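The primary structure of each chain is shown beneath.
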Amino acid sequence: MSWEKDLAKGDKVEEEWLEKLHGIFQQAFKTFGPDSRFDVSVPELDTKIEIKLDAKSKDTGNIVIEYHHNKPSGILTSEAGVWLFTTGDEDIWITKKNIQKMILVEELSPVMIQGPDDRYKKAVFLVPVETVRSYSSSAP
Amino acid sequence: MAQIHSFSHLHKICESAAKKTNYPLVLKELKRQVPRDWMPLAESTVLFFLPRAILDLPTKQARRAALDSIPNNTPVTNVRQFVEDGITSLWEKDRELGKGSRKRG
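Residue numbers (my numbering), protein chains in the order written: chain A, 928 to 1067; chain B, 7 to 111.
Rather than coming from a laboratory, the hints here were simulated on the basis of the structure.
Remember, it's a predicted structure, so these values are computed and weren't measured experimentally.
Hints are not guaranteed to be accurate.
[Claimed, not checked] On the chain B side, residues computed to face chain A include the following (Cβ under 7 Å):
{"id": "1", "residue": "S50"}
{"id": "2", "residue": "L63"}
{"id": "3", "residue": "D91"}
{"id": "4", "residue": "G92"}
{"id": "5", "residue": "K99"}
[Said to hold, decoys possible] Okay, the calculated bits of chain A under chain B, using three or more residues with CB under 8 Å as the criterion:
{"id": "6", "segment": "936-950"}
{"id": "7", "segment": "990-1004"}
Heads up, the beta-carbon is just placed ideally off N, CA and C, and yes, glycines get one too.
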């Protein structure tokens, strides 16, 4: 799948979640642009959310958590305190602090991966879905 | 300066450099061992080793000094908070596992 298609799918998921959140939080808004430090903000809760569509996790069994893509990225730069991983089958909510805790406590080792449309390799943690689930929390 | 054979090689260097615990010394050690092209990745990767290295220091004063050595103008913002959160997580886990007997001042 091309980067554009991935981006479009990710955007669609973010739009869907924004719509759901708007049902309760009218001030919720979505950010735009590749360098956004979060995807959705809910001012009423003072909460910023990072939404990650990871449909490939259904095949690989792993959620990808990025931290360096030619420059610090992902978990190292996101301002979102809450992350949502959506696999297509399930939605996993987890705090940024718990992602960091999971990486450290489980002593996960990073790997370099390169998607077909990635110009640079990226450094990521590949975390089994059940491990992410075990550090998850309920939706904000 | 070593050639980096693989990412796991860089990973090992970062783990070892983190044991310096004083942030400027950690960077100095990385610069000594890591070719310039790999430095940005090394600076990001070492952040995942610093919490354990600092937590394993023998005294509270040494841990505080290590945290205080992290400047505010790092390429990654809030490095200090990131490392501090990591230390707290590991400390809580160690306590859960009964590793609290490890001598810590």
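inquiry  = Are any of the numbered hints broken by this structure? If so, which, sorted upward?
reply    = Numbers 2 and 6 - these are the hints that the structure violates, sorted from lowest upward.
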